[in-house]
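Student: Chains A and B, in that order, are what the protein sequence lines are.
Quick note: the first sequence uses my numbering, first residue 1, plus one each step.
Quick note: the second sequence uses my numbering, first residue 761, plus one each step.
You may find that some hints are simply not true.
Unchecked claim - These stretches of chain A come out as covered by chain B in the derived footprint (C-beta under 8 Å, 3 or more residues):
hint: 1; region: 52-66
hint: 2; region: 179-190
hint: 3; region: 465-478
hint: 4; region: 645-654
hint: 5; region: 680-686
Stated by the list, open to error - According to the in silico footprint, chain A covers these stretches of chain B (three or more CB under 8 Å from chain A):
hint: 6; region: 783-792
hint: 7; region: 795-802
hint: 8; region: 818-824
hint: 9; region: 859-873
hint: 10; region: 879-893
hint: 11; region: 898-909
Don't read these hints as lab results, they were simulated from the structure.
Since the model is a prediction, treat every value here as computed from it, not as a measurement.
For every residue, glycine included, the Cβ atom is placed at its ideal position computed from N, Cα and C.
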Amino acid sequence: MKTFVRADGPDKVTGSGRYVADLTLTGMLHAKFLYAGVAHGRISRLDVDKARAMPGVLAVMTADDVPDLRYSPVIPDRTLFATDVVRFEGEIIAAVAATTPEIASAALAAIELDITELPVVNDIEAALADDAPLVHEHWESYDVTGDTIRDRNVATFSAIEKGDVDAALAGAAHVVTGRYEADASHATPIEPRGIVAQWEGDKVTIWTSTQVPYDARDGVCETLGLPSNRVRIIVPHLGGGFGGKCGFHFEAHIAALARATKRPVKLVFSREEEFLAPDRRREGMIVDITTGLSADGDIVARKAWVGIDNGAYVADAAFFPQLAAMHIGGPYKIPAVKIDAQLIYTNRQPSGSVRAPTAPQACWAVETHTDELAAAVGLDPVEFRRRNLVRTGDEGIVGQVYDEIGLDQCLDLAVSAMGLPDLPADEAIGVAIGWWPSFAAPTGAYAKMHGDGTVQVITGAQECGTGAVMTLRDIAADELGVGVEDVQLVYQDTGAAPVGPGATGSQTLLNHGRAVESATQQIAEQLRELAADELEAAASDIVLGDGVASVAGTPTVSVPIADLAATAAGGDLLLGSASAPMPDWPSVSARCVGDQEMASWLAPQFSCHVVRVQLDADTGVARVLDVQTAHDSGTILNPIGATGQIEGGVMMGIGQALSEITHYDEAGKQKNPGLLEYKLQTIADAPTISTQFVEIYTPNAGPRGSKGLAEAPNVATAAAISNALAKLTGGPIRQLPMTPERVWEHIEAQSTGNSAEVPA
Amino acid sequence: MSTNEQAVTLEVNGIAYPVQVPMDSNLSGVLRNTVGLTGTKEGCDDCECGACMVLLDGQPVNSCSYLAVQAEGRAITTVEGLADGDELHALQRNILAAGGVQCGFCTPGMLMSARALLDRTPNPTDDEIRIGLSGNLCRCTGYAKIIAAVRETAVQL
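The whole structure should be built from the sequences, with the hints applied where relevant.
Tutor: Written out as structure tokens, the structure reads:
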């Protein structure tokens, strides 16, 4: 593979690159949304007449102005606009399009809205109470799909059951129980989302900051009743997503405004809206774990319950219980397992896929618990993990038998890279391991070689910053034997490219990479046939590389690829189009209840993070000084991009561990929807981060033996920090994030002999 | 011209732009929407993210929270003014080579803060780099490659 060249780089460093907020179209109007502003209530009055009559206001839309239907995958519980009941503060009541943003804001203020407040279901435990109000009064009427188990405020339920857990616990030499509670956090891309929609006849083009152009298109088509070929989604440069810009959000509202006004319409979110309105919050979680151990330190049984705060609408979260259950089991050999997991409706902002959904919190819980297990049997935490983790050929918690995997090597590499430094009394080292699946999805790609030998690859892939789309150039160049600079990408445009999952689930290289590989291989085959004629050799003997086609073993017998392309341009054109063949899914033997097609994990990725943490015990302020990571993500095709994913994921994990928390008031509203009060890690907080890859060629996965990568680095960091802090404070802090206040309270509680319960 | 608008001349990257702006317009909005230079980004409108960082007479300023009319008579430098024609500034080359650009949304502001830092501290320590860029949030990179790029630029310049 050639040196990585970031094709979008010059655009991004010179300011010439356009993001959605940078787009202006002639006659463009400005949109704003009116939000409910209360977490639970019934609309008693909504009058938009005064707003509609204002000069400069061209449209005010409510639920009355769009098709009456519920949408969302698996559990269609959502409408574009609130109809009767509002279920979280960011629910959209009305949308305005006006000639200036200021007039649009004034129109919002002129809308007359009365909401009769209803009792707020403000957290997981409130939602599960016997007399809890229902977040969705008519939940039974929703037209759900799949093996989806629901009950009142429990939106979905999944379980993993293997062996006789109660008997195994009864026979265990040690039993350790713990509760762990994680608060909600946010994806927080630096670019607030933007959308511009413009109609031409009966077709609409929507420029939007989505990670998933095809999901955005499908959402518009479904909610506005449009056929797929009349909606074109184009994403200019995307200013980060981290899952927050996955799914279908507000594109239909803006398209509807543009249709009503016969004008292009633009929406750009404020930072506050970015915190309050999307259905992609990282979910809060409560975890109860009981684990049984043999006298030697083998895990013999695990029983657990996971409660996940879904918020008001399910969005894409139906599979979260199954995913969380996998993490609570962890990448360990456990013969007897019973893990129940519930996705629970509350009157909070909806949860949805944020980078490695459920994993950082669940890994934090289970890996904190794992250090407690090691202590119970008197083993070193690393030795305890070595004893219990899954290796090549082992059977994991669902009975999936793993092909060649490198978890044990990850642990050894990261631990030995940290070494055993002499630590001052205020520092400690913590270790955690994690895992994450690779997601395969139907994906296509087109490729064409022009008459001058240059190449265009047309892919539905979405570049959200990772560089994974940029890496597709390298694959194409490698297959065709041309320089990377001779390959141009057409991407993030549903009007041009075949379908694909986009930037979600670490799928870009895994899926779009396989499709590009297949499409360019078709052209390579054509080139070999042409070269075979030209060189009087067998096509199977032709090698493509360095811009020439040559005979294997006789490199002097060659023809420039550009010459072959010129020949083809006068006859059979050099075109490739392919859908990537789907990999085979591994089988499982455990009973997986409420299966959302997540029971077995294709090409699982593994990691170990080791952190060195310093604590100021007087203030509770913790600082991460150094992080050593090792990852098994199969073959690494783009080392700079890959280490960039690790470093960014670790930094996000540090934020989740120490500072990123969404506070709610008693009325169910966010108290800190801004970057001053919701603290991201800055460059001043950044530790040194070192990364090693265990490169195992993984068949039945991505191109060239690769697996996914972008989410895996976000899994284990908070857990490792927790284990370091437990050493420094006399025991685990059972709340995430481990803010200075909580750490300080924990230290105080330990020193006064009280329990470790600390206030929120 | 309405009474709350004012005619001002803004000198941006060495070019004078006569513009009419509302008195309460912030500089980032005028640069983006009136002058037409969208390289300066807006991420929070609250001085928290640093994506809107520009230089005023060489000093880094969050242009989201600075009135456009106050910038008259001062030399404004945006990310579009960093390169010398088609020749990228060393910071631009090095941040690309190091892998310090991912989504790119924080990059313009980050580059402007780095430029100001190197102008006043040509050979910064790592701690000085961290302090100099601590007003610029990046969610993608974990910062390590950005620090490396600034360090490398200091060696080259």
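Student: Confirm or reject each hint.
Tutor: Consistency of the hints with the structure:
Coverage of the region 52-66 of chain A by chain B is violated [criterion: at least 3 residues with CB-CB distance below 8 Å; count 0]. Beta-carbon proximity to chain B at under 8 Å applies to 3 residues in the region 179-190 of chain A; the threshold of 3 is reached and the given coverage holds. Beta-carbon proximity to chain B at under 8 Å applies to 3 residues in the region 465-478 of chain A; the threshold of 3 is reached and the given coverage holds. Requiring three or more residues with a Cβ within less than 8 Å of a Cβ of chain B, the coverage given for the region 645-654 of chain A holds, as 7 such residues are present.
Counting residues of the region 680-686 of chain A whose CB lies closer than 8 Å to any CB of chain B gives 5, so the stated coverage by that chain holds, three being the minimum. Look at the region 783-792 of chain B against chain A: 1 of its residues bring a Cβ nearer than 8 Å to a Cβ of that chain, fewer than three, so the hint is violated. Coverage of the region 795-802 of chain B by chain A holds. Counting CB-CB distances below 8 Å, 6 residues qualify, and the rule asks for three or more. Residues of the region 818-824 of chain B lying with their CB closer than 8 Å to a CB of chain A number 0, which falls below the three-residue condition for coverage.
With a cut-off of 8 Å between beta carbons, the region 859-873 of chain B has 10 residues touching chain A; three or more are needed, and the interface restraint holds. Check on the region 879-893 of chain B: 4 of its residues sit with their Cβ under 8 Å from a Cβ of chain A, so the three-residue criterion for coverage holds. Coverage of a stretch by a chain is defined here by at least three residues with a beta carbon nearer than 8 Å to that chain's beta carbons; for the region 898-909 of chain B and chain A the count is 10, and the condition holds.
Against the hints set out earlier in the document, violations occur for numbers 1, 6 and 8.
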